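Listed in order, the protein sequences are those of chains A and B. Under this note's numbering, the first residue of the first sequence is numbered 1, with each subsequent residue one higher. Under this note's numbering, the first residue of the second sequence is numbered 1001, with each subsequent residue one higher.
Because the hints were derived from the structure by calculation, they are not lab data. Take these hints with a grain of salt, some might be off.
Per label pair, the in silico range of CB-to-CB distance [unchecked claim]: (1) B:MET1190 x A:GLY57: 45 to 51 Å; (2) B:PRO1156 x A:GLU153: 29 to 35 Å; (3) A:MET1 x B:ALA1056: 30 to 36 Å; (4) B:ASP1005 x A:GLY98: 25 to 31 Å; (5) B:MET1190 x A:ASN56: 45 to 51 Å; (6) B:VAL1147 x A:PRO83: 51 to 57 Å; (7) A:GLY57 x B:HIS1088: 18 to 24 Å; (8) A:GLY98 x B:LYS1174: 50 to 56 Å.
None of the values given here were measured: they were computed from a predicted structure. Even glycine gets a Cβ: it sits at the ideal position worked out from N, Cα and C.
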Amino acid sequence: MVKKFHLTLNVNGEQKELLIDPRRSLLDVLRNDLELRGAHRGCDSGDCGACTVILNGKAITSCMTLAADCDGDSVITVEGITPADGLHPVQKSLVEDGGIQCGFCTTGMVMAAIALLDSIPHPTEEDVREGLAGNLCRCTGYKKIVEAVMNVERK
Amino acid sequence: MKPFDYFSPKTLAEASEVLSRYNGDAKMIAGGTDLLLKMKAGRLAPKAIVNIKRLAELRGITQLPITNNLSIGALTTLEEIKRSPLIHQHYSALASAAATMASVQIRNLATVGGNMCNAAPSADLAPILIALNAVAVINGVKGERRVALEEFFTGPGKSVLGVGELLVSVEVPKQEGKSIYIKHSPREHMDIAVVGVGVAYRGFNPLAQQAADVRIVLGAVAPTPLRAKKAEEEVMSGSLTKERIERAAKIAAEESKPIDDVRGSVWYRRKMVEVLVRRGLLGLVNSN
């Protein structure tokens, strides 16, 4: 029997108390215990970026993070940045500029883009490409995604 | 993943004690980007995981008093290295080495300590840190010891860390010279080095066009990061002409001990060592 770990996590501004198996990833806990299914499980090895969330202000791959390691930390998921009655400017820009195809990578792209714009408010195209290098889009819609992120501030 | 006991010690002493108690069957976790991959794949099944992220002693980038050496805490993330103004100002080659690694999401998790302690032959920070003459500061139940980073690695995945010992920080001497890190990988981002070359020198005599205290360190072409000492001697033996640089680059290629693998053949890697060492030396000379 695995000894459970008592995890305290601030998720999208709300304090959560959970009892978890220490083997579980942050992604798994977000999706299955907290029912926040915006972060996606793609490669499960830190290569695709579909599971990107913002941990203590920084974009990370939640599949490569043990939930127990995040005890006392604060996490923001795509659910936390989406207003109840509309879209975040990054989401809006992706919709308007055709930066969405199947949508699987989109939530990760959104979180990576938000973290990027937070540290570099006026990014160059190279900044955007570098900031999104860890997010794979298998529809290969990169050009429009990069354009959409470049266009966020101008809208 | 096999079950493991989980610990999150608050002090270095507590961490050492837990690690010693498991006598080699416990693994430290910081960023976890390497460890969790291996555990998910079933290649590692430690009996205990010790989260060292809460150890304040392992944090921070600071300029030390008196020596002016730079101390980089083992928990410093690759992204922090990439962005640190202190590192940019005096050790820009180190910042650019960090910038070549993985994605921002991984760089926000992965630490310099992990990059050293996992001891991958391709670890990008190792060649440049060794070229900069860095020292590993290690702490364990028996107290602190310091090891030249050059001596830290003992084989693929192996280091001098004993049971219960932790890497606390990497200390880099004050830089007076120049340094450069060049990485060769098929992709610009998200890729592991086929060859990585770190080159640094401490002094340069402009009249004689001669460099002093030259270090050429090769990554991903031997079981551990490798100093090309004969090539260094060649560089220091006279004025840094194009011919001498060509010779040194060829010598470095001969000194490398690469293997054939999915990323490159022995022949190709040797050729790339020659190209990168030449480029590195020319880059340093041209920046004088």
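Status of each hint after checking the structure:
1. Checked against the given bound of 45 to 51 Å, the beta carbons of MET1190 of chain B and GLY57 of chain A, roughly 23 Å apart, lie outside it.
2. Taking 29 to 35 Å as the suggested C-beta distance range, the pair PRO1156 of chain B and GLU153 of chain A does not conform, at roughly 46 Å.
3. For MET1 of chain A and ALA1056 of chain B, the Cβ-Cβ distance of about 33 Å falls inside the hinted range of 30 to 36 Å, so the restraint holds.
4. For ASP1005 of chain B and GLY98 of chain A, the Cβ-Cβ distance of about 50 Å falls outside the hinted range of 25 to 31 Å, so the restraint is violated.
5. In this structure the supplied range 45 to 51 Å is violated for MET1190 of chain B paired with ASN56 of chain A, their Cβ-Cβ distance being about 23 Å.
6. In this structure the supplied range 51 to 57 Å holds for VAL1147 of chain B paired with PRO83 of chain A, their Cβ-Cβ distance being about 53 Å.
7. The hinted window of 18 to 24 Å between GLY57 of chain A and HIS1088 of chain B holds, with their beta carbons roughly 21 Å apart.
8. For GLY98 of chain A and LYS1174 of chain B, the hinted distance range of 50 to 56 Å is satisfied, since their beta carbons lie about 52 Å from each other.
Going down the numbered hints, you'll see the structure goes against 1, 2, 4, 5, while the others check out.
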